[in-house]
Structures are given as structure tokens and as C-alpha cells.
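A.B. asks: Keeping their order, the protein sequence lines are chains G and U. Per my numbering, the very first residue in the first sequence carries number 1; after that it's consecutive. Per my numbering, the very first residue in the second sequence carries number 1001; after that it's consecutive.
Don't take every hint at face value.
[To be verified] Dumping the calculated SDA-like pairs for lysine to any residue here, alpha-carbon to alpha-carbon at most 20 Å:
hint : chain 1 : residue 1 : chain 2 : residue 2
1    : G       : Lys-56    : U       : Val-1007
2    : G       : Lys-114   : U       : Glu-1214
3    : G       : Lys-30    : G       : Gly-98
4    : G       : Lys-109   : G       : Lys-30
5    : G       : Lys-114   : G       : Gly-98
6    : G       : Lys-30    : U       : Glu-1214
7    : G       : Lys-109   : U       : Leu-1193
8    : G       : Lys-109   : U       : Val-1007
9    : G       : Lys-109   : G       : Lys-56
10   : G       : Lys-109   : G       : Glu-45
11   : G       : Lys-109   : U       : Trp-1198
12   : G       : Lys-114   : U       : Ser-1209
13   : G       : Lys-56    : U       : Pro-1204
14   : G       : Lys-56    : U       : Gly-1064
Calculated directly from the structure, the hints in this document are not laboratory data.
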Amino acid sequence: MSIRRCAQTLASFAAAALLGAGAGAGADGKAPPAIDLRIRNHLFEPSELVIPAHTKVRLRVHNLDDTPEEFESWELNREKVILGGQTTVIFVGPLSPGEYPFFGEFNPKTAQGKLIAE
Amino acid sequence: MLIDSVVIVLREVLEAALLVSVLLAATRKLATPGPSLGLAAGLGIGGAWLFGAAMRPISGWFDGVGLEVVNSLLQLAIYIAIVAVIGLLGAGAGTGARRAGAALPWAMVAAVSLAIVREGAEILLYFSGFLHRIGATADVLAGAVLGLGVGFSTGALFYYLLIALPPRRALRVAVGLLILVGAGMCAQAVKLLIQADWLPAQQPLWDTSRWLPEQSLPGQLLYALIGYEATPTPLQVILYLASAAIALAVFAIATRSSVSEA
């Protein structure tokens, strides 16, 4: 591929992404709804969270243990450390309808949960 | 407990181990001084400890997304250090290592120590959770040693694979890998800023999670090596390509200008 072709492809790609990004920002002009999730005894409470599909949500994760945990999800592309006794914010979505498992990386045997977008 | 600890440590160590092996192989092939690994490890572990200690206040910055912002800045700094290494390697390749000179090992120390800060902080935090649990510490430490061992062995294997190549090709492969590692850092920084809602969320551009899941062993290796992700958003893909193009251009310009001077 010539350099010019390469640059043209890149440029059109960039334009498409910027347009997509602009549309996304316009769609959620109001503050995303907040959803609470707790970590207690290395378990997620509730272990199943239902959120609206195609909507960005503000996941508030409260770690009630005194040990750190890492919220992690391959399906959601999310990863964040939450220190003991701390509350943090993770933005999720907009998601297509479906199930999105997540887990606590520091205690993966017990800390398992899923997000259900519908 | 043991296997969790192996997985966590290995995941964090793999990226740094691969980066170090590529840097060492490149400097060996150029016959130029490599980075001081002791210094890089010292700076990195010290920085990781500081980062871990300051994580509570940092988490609260910017309405609760301080960790994402600081981590993405670290990724960006690693990318800049890697681009500097690539430029100096290019200059060294043209002049037979004369021009790469004194700055190269320092750029390498910067890249490696920053990578250790980011990943080491997470390992230290993980351990901090077990310090007070009686009986757990031995298991976790054994797992950590195994994880470190597997990570370092993978790095060593990679180093010898690169060393076995003829010099010109080895340098090209090393620079190619550095470009991809650097681009992967930029894509990860974008992912963090999307998580923080600083950059717009988008539908993934593609989904290869059925064929090559990120959590699989090859997926993890590719993640460490080229920043592989099964469901990247368009913005991530564009910044990945753009940052790779910038790094490649820096290498090409450095090589050309040093050849014309030589």
C-alpha cells in the first residue's frame, strides 16, 4: 500500500471515530445513573446486577473489607484496584443486551459476579 | 491461593520481563552498553512502593477516577521513553552504535523503571492483603516466586530467540516489538480514560474473544507483547495505529539522518 493510501485510510478511520465519539457524547448528555455494588468477605453483593442496555452507568463499588480488591472484567474491559474500606467509581457501558461476568482478581475463587444488561 | 498468586504476579511481571529482554538483546546486538537493571529495579520498586502508599489519596482525585488518570499518565510516559529508545537505537544502527551513546541506557532505565512502578504497585497491594492472614503468607509467597520464575524464563527465552537472529534482522525485530509494546501502552491509556469517562465510550470495533480470549495464555502473552485486546473500541485502535506510526517515523528519521552523517 502506498503511503498516500495509508494516510487516507487512517484519516477516514479517524474521522469515523470522532463522529462516533461525538454522537456518543451527545446521547448521554445527562449524568449516567449510579448503581451500587458492595464487596464484603471477598464476595460481591449483589452478585448479579441488572442495568439498562445501551446506557452508560456509574458503578459505585464499596469495598467493606479491610483488604484491597481489584474489580476486573475481560468482557467489560475494566480493571481497577479498590483499597480496603474505600468506595470507587467505574464507568461501564453503553452495553448491548447480554451478560458480562466480573471478578475480584485478588480473591477470584469467591469474588464472582455478573452484570446483566437488558 | 497459590495459583491465584502465580497468575497475578506472572501477569504483572510478563510485560516488564519481555520489555527488558528486547532491550538487552538490542543493545547486545549493537554492542553498546545496556541499561543498568539494578538501578531500574531499584527505582521501579521504590516508585511502586510510593505509588502504593499514596494510592488512597490518589484514588479520590478527579471525583474518584484519579487512579485511571495517574495510571494512564504512567503508560504515556513509558511510551515516550520507548520512543526515545527507538530513536536512539535508530541513530546507533546507522553509525555502528557511536551515536546511540550515553543517552540510550538512561532512556532504557526510564522505560523499565516506569513499567515496574505500574505493575509493582499492584503486586505490593495484593501482598498487603495477606500480611495479617496467618498461614496464607507462605502460599502467596511461594506463588509469587513461581510467577516471577515463569515470567523471567519467558523473558530469557525471548532474549535468546532474538540473539539467535542475524544482527540487522535482530535489531529490526527488536524495534518492531518495541513499537508494538509502546502502541499497546497508548491503547491501554485510552482504555483507562474511557473507564474514567474522560474519553467517550464506544461499541467495540471487533470481537475476537471467541477465537483468542484475552484471559487465555496466548492472549496474555500477546497482551504483554503487542497490547492485544479482544474487544477494542475504534478510538483505541486509532491511537494504537497512530502511536505505532509515530514511533516508526522516529526510527526511520533517526536511522536516515545518522546514515547521511556517517
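A.B. asks: Evaluate each hint against the coordinates.
C.D. replies: Each hint tested on the structure:
no.: 1; hint: G:Lys-56 with U:Val-1007; verdict: violated (31 Å)
no.: 2; hint: G:Lys-114 with U:Glu-1214; verdict: holds (18 Å)
no.: 3; hint: G:Lys-30 with G:Gly-98; verdict: violated (24 Å)
no.: 4; hint: G:Lys-109 with G:Lys-30; verdict: violated (37 Å)
no.: 5; hint: G:Lys-114 with G:Gly-98; verdict: holds (10 Å)
no.: 6; hint: G:Lys-30 with U:Glu-1214; verdict: violated (33 Å)
no.: 7; hint: G:Lys-109 with U:Leu-1193; verdict: violated (29 Å)
no.: 8; hint: G:Lys-109 with U:Val-1007; verdict: holds (13 Å)
no.: 9; hint: G:Lys-109 with G:Lys-56; verdict: violated (28 Å)
no.: 10; hint: G:Lys-109 with G:Glu-45; verdict: holds (15 Å)
no.: 11; hint: G:Lys-109 with U:Trp-1198; verdict: violated (32 Å)
no.: 12; hint: G:Lys-114 with U:Ser-1209; verdict: holds (17 Å)
no.: 13; hint: G:Lys-56 with U:Pro-1204; verdict: holds (14 Å)
no.: 14; hint: G:Lys-56 with U:Gly-1064; verdict: holds (17 Å)
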